[in-house]
Amino acid sequence: AQTVTQSQPEMSVQEAETVTLSCTYDTSESDYYLFWYKQPPSRQMILVIRQEAYKQQNATENRFSVNFQKAAKSFSLKISDSQLGDAAMYFCAFKPRYGNKLVFGAGTILRVKS
Amino acid sequence: SAVISQKPSRDICQRGTSLTIQCQVDSQVTMMFWYRQQPGQSLTLIATANQGSEATYESGFVIDKFPISRPNLTFSTLTVSNMSPEDSSIYLCSGHRTGGVRRSYNEQFFGPGTRLTVL
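Here the protein sequences line up with chains A and B, keeping their order.
The numbering of the first sequence is my numbering, which starts it at 245 and goes up by one.
The numbering of the second sequence is my numbering, which starts it at 17 and goes up by one.
Bear in mind the hints are in silico, worked out from the structure with no lab data behind them.
Just to be clear, a hint being listed does not mean it is correct.
As the list claims (entries may be wrong) - One side only, chain A facing chain B, incomplete, derived with CB under 10 Å: (1) M255; (2) Y281; (3) Q283; (4) R287; (5) I290.
Glycine included, C-beta positions come from ideal geometry on N, C-alpha and C.
Working from the sequences, and respecting the hints, build out all of it.
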């Protein structure tokens with residue numbers, strides 16, 4: 245069975261600064277996806293970024309990038325130039341390529357200070 | 017990605033009653049799922065809604081308590097039956113689409129959730 249661990253229950257960052265959210269996972273699968281989802285207070289879960297395990301290049305979406313370390317089973321999210329709108333709960337999630345269910349971490353609350 | 021809507025967005029119900037939550041996707045999806053989320057916590061998968069057949073439930077969830085329908089590829093309902101205060105939670109619907117070579121396109125997206133309070 246797969247597990248996803250987010251060891252930081254809460255993080256704070258100053259507006260315009262950079263913050264990194266940690267995620268580790270455990271799996272025996274070799275081919276899978278990793279995701280970061282954002283859930284603001286409005287509750288709408290939004291996909292932030294996705295990484296395919298067979299791709300060595302780290303995914304990037306504008307101010308969001310990941311550091312994917314497959315051997316270490318680590319998948320951290322870096323948010324650059326943090327904005328007030330980035331404040332939310334962030335979930336790391338895992339899915340085998342040929343499976344259908346997402347496995348979520350416990351989440352990290354990100355607070356952005358102005 | 018597709019857009020998912022849920023009705024109602026929130027409700028307050030009396031103990032012992034039932035509530036049906038509707039989930040509508042604006043385009044066809046391969047899979048639909050129902051989750052439960054306590055405020056400030058992670059998501060717990062209740063079941064996979066299968067089109068034209070009985071839903072597949074996760075451990076700890078049963079059909080009598082959470083009957084699910086999925087009559088077509090874009091619509092599903094979740095009923096929370098014989099409610100108790102312990103059922104107070106946020107219920108989320110999600111859709112999943114795959115495609116492309118080696119399932120290279122693979123995305124799960126979520127509805128806005130239904131906040132249920134049981135008195």
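Hint check results:
For M255 (chain A), the suggested interface contact is broken, since its CB lies about 15 Å from the closest CB of chain B, more than 10 Å. Interface hint status for Y281 (chain A): upheld, as the beta-carbon distance to the closest one in chain B is roughly 8 Å, under 10 Å. Hint status for Q283 (chain A): holds, given a least beta-carbon distance of 9 Å to chain B, under 10 Å. Checking R287 (chain A) against chain B: minimum C-beta separation of about 4 Å stays under 10 Å; hint holds.
Interface hint at I290 (chain A): satisfied, since its Cβ lies 8 Å from the closest Cβ of chain B, which is below the 10 Å cut-off.
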